[in-house]
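Trainee: From these two lone chains plus the hints, build me the complex, please.
First to last, the protein sequences are chains A and B.
Note that the first sequence covers residues 1 to 114 in my numbering.
Note that the second sequence covers residues 1001 to 1112 in my numbering.
Read the hints as simulated data drawn from the structure, not as lab findings.
Where hints are given, some of them may not hold.
[Said to hold, decoys possible] Now the stretches of chain B that chain A is said to cover, found in silico as 3 or more residues with beta-carbon under 8 Å: (1) 1092 to 1100; (2) 1103 to 1109.
[To be verified] Distance windows between CB atoms, simulated: (3) N84/A x G1001/B: 18 to 24 Å; (4) I12/A x S1083/B: 28 to 34 Å; (5) E1016/B x F95/A: 35 to 41 Å.
By construction, the Cβ of each residue, glycine as well, lies at the ideal position given by its N, Cα and C atoms.
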Amino acid sequence: EAQVTQNPRYLITVTGKKLTVTCSQNMNHEYMSWYRQDPGLGLRQIYYSMNVEVTDKGDVPEGYKVSRKEKRNFPLILESPSPNQTSLYFCASSFAGATNEKLFFGSGTQLSVL
Amino acid sequence: GDSVTQMEGPVTLSEEAFLTINCTYTATGYPSLFWYVQYPGEGLQLLLKATKADDKGSNKGFEATYRKETTSFHLEKGSVQVSDSAVYFCALRGPNDYKLSFGAGTTVTVRA
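The shape of chain B in the complex, shown without the other chains (with noise of 0.2 Å):
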C-alpha cells in the first residue's frame, strides 16, 4: 500500500540555520504530497502541497519540489525561527484515495 518515510528526528538548529527534513514515498500512479505542521498543543495544520510532479509547494518561507523520478518530497527552509520550532510530518492521498498516509513526524527544535 502507499507510505511516507520522513526522516527521523529530533533536530536542533539554531536560528537563522538551513532546514532540510527528507520525505520518500511508495505509492501507485500519482498521488498528491503534502506536508503537515504541528505546533506545540495544537492540531495539525497544512504547510504546503504539491499535487503533480515537479510542483513546488511553498508557504511560510518553506518549500518542497514533488520529485517523481526519486520519488520525494523533501521539506527546505533556508533561515529558520523560534518559531518554526513544531513537529512536521510529510503525508501523501493517493490517486483514487482520500486517505491521507502519514510518515511519522520529525521534531524540529530552533534555538535563539
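Excised from the complex, chain A in its bound form (with noise of 0.2 Å):
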C-alpha cells in the first residue's frame, strides 16, 4: 500500500530535550516536505528536499533540521525543542516531475514541548 509513515503519532517532551520525528514513503517519491499545523495559519512550509543530498528551508525553518541520506527517509530533527514548537507536524511527499503533482500526507505527529 502507498503510504507516508511518520513516526511517533504523539510526542511529549521537555525543552532543550532534542528529538528526531522519522518520515518514510514507499512510493520512490523524489520530493519530500515537512509542514507544520497551528489554528488560524494552516499548515506552512519547514523544510523541504527535492531529492537525496538537496535540502532547502521553507517558510518557517528556525529551530528545525532535516537530512535526506536515503530517498525513502525524511526525518525532522530538533535539536532544542522549545514551547513555540508544540505543533502538529506533517511530512508529505511526491514525484518532482510537474508541479500539479498531488501531494500525500503522513497521519501526523502531534508535539507538545514543556
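Mentor: Right, here's the structure in full:
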C-alpha cells in the first residue's frame, strides 16, 4: 500500500531535549516536505527536499534540521525544542515531474514541548 | 509570494444543505490549484485539483472551477452529508515551484 509513515504519532517532551520525528515513503518520490499545522495559520512549510542530499528551507525553518541521506526517508530534527514548537507536524511527498502532482501526507505527529 | 486566502470558519450545516467555501489566490503565472480535506485525526488527502484556467475539478460530489479572471477556486457541494464533516484546505503550487501553499483551513460540521 502506498503510504507516508510518520513516527511517533504523539510526543511529549521538555524544553531542550533533542528529538527526531521520522518520515518514510514507499512510493519512490523525489520530493519530500515537512509542514507544521497551527490553528488559524493553516499549514506552513518547514523544509523540503527535491532529492537525495538536496534540502532547502521553507517558510518557518528556524529551530529545525532535516537530512535526506536516502530517497525514502526524511527525518525532522529538533536540536533544542522550545514550547513554541508545540504543533501538529505533517510529512508529505510527491513525484517531482510536474508541479501539478498531488502530495501524499502522513498521519501527523502531535508534539508538545513543556 | 504566492498565497491563498480562504473563507474563515467554522461552518455548521444541516444534512443535504448546499456548501460553498470561498478561496482566492495570488500568484504569478499559472499555478495549479487544489482542495485538500482533513478528516478528524487523519492527515490531509487530495480532494480535487485543477491545473489550468476554466478547468473544473470534481470528486465525491464536490466541485471547484479554476477562475483566472477572479483568481478564485471556490469549493461547492450540492448536498452535504454528516461524513463530509472535516477541515478543508485550499492550496496552490506555482508553475515553477514544488512548494504547496495552503490557506488557513475551513472547519465544516454537518449535523444530522
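Trainee: Note whether the CB distance of E1016/B and F95/A lies within 35 to 41 Å or breaks it.
Mentor: Distance hint for E1016/B, F95/A holds at roughly 38 Å.
Trainee: Do N84/A and G1001/B keep their Cβ atoms within the hinted range of 18 to 24 Å?
Mentor: 23 Å, holds
Trainee: Would you say the C-beta atoms of I12/A and S1083/B sit inside 28 to 34 Å of each other?
Mentor: At roughly 32 Å between Cβ atoms, S1083/B and I12/A fall inside 28 to 34 Å, so the hint holds.
Trainee: Counting residues of the region 1103 to 1109 of chain B whose CB is closer than 8 Å to a CB in chain A, do you get three or more?
Mentor: holds (count 3)
Trainee: With a C-beta cutoff of 8 Å, work out whether three or more residues of the region 1092 to 1100 of chain B approach chain A closely enough for the coverage to hold.
Mentor: Coverage by chain A holds for the region 1092 to 1100 of chain B (8 residues, Cβ < 8 Å).
Comparing the model with each earlier hint shows no violations; every hint is respected.
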